[in-house]
Amino acid sequence: MNDAPILILDSGVGGLTVLREARVLMPDRRFVYVADDAGFPYGNWEEDALRDRLVALFGDLIVAHEPLACVIACNTASTLALNALRQSYPRMKFVGTVPAIKPAAERTRSGLVSVLATPGTVRRQYTQDLIDQWASRVSVKLVGSVALASLAERYMRGGFVDEQAVLAEIAPCFIEENGRRTDIVVLACTHYPFLVNRMRKMAPWPVDWLDPAEAIARQADRVVGDAGTRSMHGDFDPAVFTSGAPDYATQRIVRGFGLRTG
Numbered sequence: 001m002n003d004a005p006i007l008i009l010d011s012g013v014g015g016l017t018v019l020r021e022a023r024v025l026m027p028d029r030r031f032v033y034v035a036d037d038a039g040f041p042y043g044n045w046e047e048d049a050l051r052d053r054l055v056a057l058f059g060d061l062i063v064a065h066e067p068l069a070c071v072i073a074c075n076t077a078s079t080l081a082l083n084a085l086r087q088s089y090p091r092m093k094f095v096g097t098v099p100a101i102k103p104a105a106e107r108t109r110s111g112l113v114s115v116l117a118t119p120g121t122v123r124r125q126y127t128q129d130l131i132d133q134w135a136s137r138v139s140v141k142l143v144g145s146v147a148l149a150s151l152a153e154r155y156m157r158g159g160f161v162d163e164q165a166v167l168a169e170i171a172p173c174f175i176e177e178n179g180r181r182t183d184i185v186v187l188a189c190t191h192y193p194f195l196v197n198r199m200r201k202m203a204p205w206p207v208d209w210l211d212p213a214e215a216i217a218r219q220a221d222r223v224v225g226d227a228g229t230r231s232m233h234g235d236f237d238p239a240v241f242t243s244g245a246p247d248y249a250t251q252r253i254v255r256g257f258g259l260r261t262g
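When the letters of the sequence shown are read in order and numbered with full-length UniProt numbering, they come out as residues 1 to 262.
Hints in this document: simulated from the structure, not taken from any laboratory.
Among the clues, some could well be false.
[To be verified] Capping the alpha-carbon separation at 30 Å, the derived lysine-lysine pairs in DSS-like fashion look like this:
#1 Lys-102 / Lys-141
#2 Lys-141 / Lys-201
#3 Lys-201 / Lys-102
[As the list claims (entries may be wrong)] Label-pair distances were calculated between CB atoms; the ranges are:
#4 Pro-206 / Ser-150: 25 to 33 Å
#5 Gly-256 / Tyr-89: 15 to 23 Å
#6 Phe-160 / Gln-251: 16 to 24 Å
#7 Arg-23 / Leu-167: 14 to 22 Å
#8 Glu-163 / Glu-66: 40 to 48 Å
Note that beta-carbon positions come from the ideal geometry of N, C-alpha and C, so glycine has one too.
Kindly produce the complete structure, drawing on both the sequences and the hints.
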């Protein structure tokens, strides 16, 4: 019986939103969650250096865990390195994370959509290509947040977040134009859904916050197909931190998601 896991990687705990959805869709699968916390936040890296880091890191992870597939639960990493990873490891199946611009363009009624992302995702040509391909008939506002991923990490660890700081990050998403208002905000970072309740509270008017986690999990399910099985032994899946030393709060978080460290 092949019980090889599905590997899910993010720069921190944001990818746990994807793991949560993947477990719902694939309860019989094993998972390995990898937090590249030694490299967090990815938005501070030069592009070439981060791409090289990700290619090398995945090489080590593939050897260590022999996964069925690798899920890059991070928009910044996916838009930068997905093609390089597929070229470097052609036998491995990779599932990337890209901004949900197509579904946003299909659902909007006002024609005003905002994409809330890291600065790296905002400036990447990959993102502009998605807009050109799928959203040419709507107005898309790209909002690069410098602090929101870190706010989400702190919130997950401590249970508190400065709501005014959240408001400052999301405020540029809300546009009024010729009697119309933004009605969809794409959450183009897997960290952001952890703060969505605070975003709803602080938003100047209600919008549809588009969480990509379920779509990523569904794509992983399609990619893996019928390959491999899992015996329901009930053990926790492993969580790997590239720093090698997650703090107590982080260990508590991952245990809450059915993961073990060490």
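Structure-based check of all given hints:
1. A distance of roughly 14 Å separates the Cα atoms of Lys-102 and Lys-141; the hinted pair therefore holds under the 30 Å criterion.
2. With a CA separation close to 21 Å, the supplied pair Lys-141 and Lys-201 stays within the 30 Å bound.
3. With a C-alpha separation of about 26 Å, the suggested pairing of Lys-201 with Lys-102 holds against the 30 Å cut-off.
4. As the Cβ distance of Pro-206 to Ser-150 is approximately 26 Å, the hint placing it in 25 to 33 Å holds.
5. For Gly-256 and Tyr-89, the Cβ-Cβ distance of about 31 Å falls outside the hinted range of 15 to 23 Å, so the restraint is violated.
6. At about 19 Å, the CB distance of Phe-160 to Gln-251 agrees with the hint of 16 to 24 Å.
7. Distance hint check for Arg-23 and Leu-167: the Cβ-Cβ separation is about 32 Å, which falls outside the suggested range of 14 to 22 Å.
8. At roughly 44 Å, the beta carbons of Glu-163 and Glu-66 sit within the given window of 40 to 48 Å.
When the structure is compared with the earlier hints, violations turn up for hints 5, 7 and for no others.
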